[in-house]
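Undergrad: Take a look at the letters that make up each chain.
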Amino acid sequence: MVIDLENITVEFGKHKALDGVSMQFSGGSMGLLGPNGAGKSTLLKALLGFINPHAGGGKVLGFDIRGQQLAIRQRVGYMPENDCHIPGMNAVSFVSYAGQLTGMKPKDAMQRAHEILFYVGLGEARYRNVETYSTGMKQRIKLAQALVHDPELVFLDEPTNGLDPKGRIEMLELIRDISNAKGIHVILSSHLLPDVEWVCGEVMVIHKGRRLTSGRIEDLKRDARAVFECRIKGDVDTFREQLSLLGCQCQDGQDGLIRVFMVDGLASRCLLQVARDHNIQIRHLVPLKQSLEDVFLQVIGES
Amino acid sequence: MPIHDLSYRHWSGEWTTHPYRWWVITRQGIRILTQKKRFIALLILSLLPFLVRTVMLYVSNLVERLPFLKIDAKFFEDFLTQQMFFTFLIAIYAGAGLIANDLKVNALQIYLSKPITRQDYVIGKLGVLVFFLSLPTLVPGLLLFLFAVLFQNDLSFFQRNYWVVASIAGYSSLIVLSYSLIMLAVSSLSKSSRFAGIVFAAVFFFSQILYGVLRGILRTTSVAWVSLGNNLSQVGDFLFRDSPEYGSPVWLSILVLLCIMGGSAWLVHRRVQAVEVVK
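Order-wise, the sequence lines are chains A and B.
Just so you know, the first sequence maps onto residues 38 to 340 in the numbering used here.
Just so you know, the second sequence maps onto residues 1092 to 1370 in the numbering used here.
None of these hints come from the bench; they were simulated from the model.
Mixed in with the good hints, there may be bad ones.
Covered by chain A, according to a simulated footprint, are these stretches of chain B (three or more residues, beta-carbon under 8 Å) [claimed, not checked]: (1) 1098-1104; (2) 1113-1125; (3) 1199-1209.
Even glycine gets a Cβ: it sits at the ideal position worked out from N, Cα and C.
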């Protein structure tokens, strides 16, 4: 097991940032999903030993998160969310320095820094001072410093923040390559659902410090309730009210469309029945293919 | 077939052992500072008194019984006290940004996500200051003593003054450590190196002004312990077996300096965190 956590609780004063979170990750790539402030970054920091959990415990790569933080950090790469670097250095010195801090010899670290900078696409800019880098380049160099010591596992905290569409795709491709082709386990924390869906095979949804659901994305999509998109003519409030009584969730979409999350075992026929009983015309009714967003909205809505 | 593989490759080299991880930080800090020409100029300038005193040693050996050229323990104490001015300037130049600049660009997350502890980080940063502050104090102090022994025709000077070596080492270490720890503590309080430099200078000047005011009111030098510089000077007199300049007891000066150094170390350790918790 790459990560095995049991009932991790982290408190900041009276606020519970993590509330009894358990997590099992056997390898590959996992997305930590949740709205801003859900506790994703706190979970990563607890895994790295930056924060000591108030309750619970667990292991990362077989090392205890309470007593063997250094052994964990030796084998883990961390790409922080914030803009961060070490002042007064060019890219190659910075990445080499990061390697030396991990325990690489200076010569090895320098050679490795060159390789990694080419890999993340900063080969041509590696002698430029990091402070002069654009946002996209800074994201890449944060990834480079996380990879320089060839970690077994990387924690990527919002890696596509501030990137333009092209840069975002390039970054996601890099992460996918790291995970799929290079055999490095990836934990990707993001509030951007498409990013997680693109890169990860598994997902864990956190909200208000609690784990809402987790599993393989395909399984979650398959197990999720059916969703229909419909447009009606008639009393919308009555329609929504009647569906709510049946246990369905309704969400307003664009152009007067309503997204209906069905209850397990309830067929689309019920929608037609409700419409007929209340003299409402259904002008448009389409079953939607389940996306990660639907799963996310469902579990967040249920919580 | 590619000429050079630019793809990701796994690495299987040897790791260095953990106890020396702080040295990586010290080495890098030294490297960055020695690339600054102004700083090198300041270091060279700080060695001018050493050159002057070396000449004085040489001349005193050639022309005996010159009243203004007495080579004894006081000669070395005066040199180190004189060097405090350069120590002060170097501490500000080298130390003000040591932690403040890291805080400014969130570098602590990078440092502490590696297998180094907060103690490693603090010791590494402290090492930078200790190295540069030893250059105008401990190193030339010991060299001066060596020259004083070598310029003599016999070993009589060494036999009379061998204990001065320990005094030079002790006084230099006290100056270096107190300046370094205070500077680090001040640097850890702010994200601005300029602010840190100003506060560090203020600590020295304010304590000296406070002493001046208290002495004026109370008409006694027994309140000298309120001044950082006076405490160092008082301990210096004690280490070099000189009569104390101020009326305050030496033990009180030692206690004040230990408290300041301990407090500074505690403050730095408390401020160096990978996670900033906003309550």
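Undergrad: Count residues of the stretch 1113-1125 of chain B with a Cβ under 8 Å from any Cβ of chain A, then say if the count reaches three.
TA: holds (count 4)
Undergrad: At least three residues with a C-beta closer than 8 Å to a C-beta of chain A: is that true for the stretch 1199-1209 of chain B?
TA: holds (count 9)
Undergrad: Mind checking, does the stretch 1098-1104 of chain B have 3 or more residues with a CB under 8 Å from chain A?
TA: Satisfied; 7 residues make the cut.
Hint compliance for this structure: every hint is met.
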